[in-house]
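There are 2 protein chains.
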Amino acid sequence: MKHEIKTQWQGNMLFNADSLGGSFKIDADTSVGGQDLGLRPKALMLTSLAGCTGMDIISLLKKMRAEVENLNINVSGELTDEHPKIYKKVHVEYCFYGKKLKKDKIEKAIKLSQDRYCGVMEMFRQFAEITITIKYFENK
Amino acid sequence: MKHEIKTQWQGNMLFNADSLGGSFKIDADTSVGGQDLGLRPKALMLTSLAGCTGMDIISLLKKMRAEVENLNINVSGELTDEHPKIYKKVHVEYCFYGKKLKKDKIEKAIKLSQDRYCGVMEMFRQFAEITITIKYFENK
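Residue numbers (our numbering), protein chains in the order written: chain P, -12 to 127; chain S, -12 to 127.
With the rest of the complex left out, here is chain P:
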C-alpha cells in the first residue's frame, strides 16, 4: 500500500498540505521567519505517534471488552542540539480514565500496540529511545 500527500508553498514559510483525511496549513514560528499560521512540521511526527498507538489501544480494548471512559495520550520529544535536529528521546504518557479499569488488559493492549501493531512506534524506535508511563484515574 502507498500513501501520497501533497504540499504547496504559500509564501514566506507557509505551506498548504493535502494529507490523508484533510487539508491543513504548516508554518514556522515567528522567531525563524514564519508567521505562526499553521502547524509546526516536526511536531506532527509526535502527533502521528500518539494517534497511531491511540487507535490501536482503543480498538484492542474494545475487542478485549475492557473499554475505558477516557484516554489522553501525551507525547514529548527531546531534540538533539546539533543539526539535523532529530528526536533522540521520546516519552509517551498514557492516561486512562474510568471505573474499575482492567489494568492487566490495558497493559496488554499497550504492549501489543508497541510490539506488534503501531507502525509509527516501530519507525520511531529506529532513531529514538522510547519510554512510556501509564497513569490510571479511577472514578468510584
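What you were told as hints is all true, and nothing was included just to trick you.
Derived DEER-like restraints, expressed as beta-carbon distance ranges:
1. Asn126/P / Glu94/S: 57 to 63 angstroms
2. Lys(-11)/S / Glu94/P: 24 to 30 angstroms
3. Ile121/S / Glu94/P: 43 to 49 angstroms
These aren't lab readings, by the way, just hints derived from the structure by calculation.
From the three backbone atoms N, C-alpha and C, an ideal C-beta is built for every residue, glycine too.
Chain P is fixed; fit chain S onto it per the hints.
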C-alpha cells in the same frame, strides 16, 4: 529543546490533537472503524517531511538570492505488507516554478536540506529508503 503534544480521545477512533501551532482532529478510515472526521495519523509523518524540507529550501533559496515563484513538494510512502506497517520506501518530488530558475542553487539547497538541516529527513533515513526527483517548470 523539547516538544510536547497532547491528544484526547473523542469516542470511536477519533482523537483531538493539540500540537505545536494548532489543534486538529485525527481519525481512521471508515473501513477500519473510523468516521473519516480527521487526518490519518501515519500520513502525518509524510507531511512532516514535506514541511520540514520545504521550509529549509525556501529559506536557503532566499539566502542564496535564488527565489522561485512557486514550489510544490509531493511525498509518497510505500508501506510494508506486515504489521507493524512502516514506510519502507519514500519518494520526495520537488516541483519548482519560475522564470530563469537557478538550478545549481536549487540543487545545492536540496542537498543542504537533505544532508544537513532536515531533521525529519534524517529520522526517515533510519527506517526508509529515500529517493528524490526534481522537476522544473519554467515560464518564458
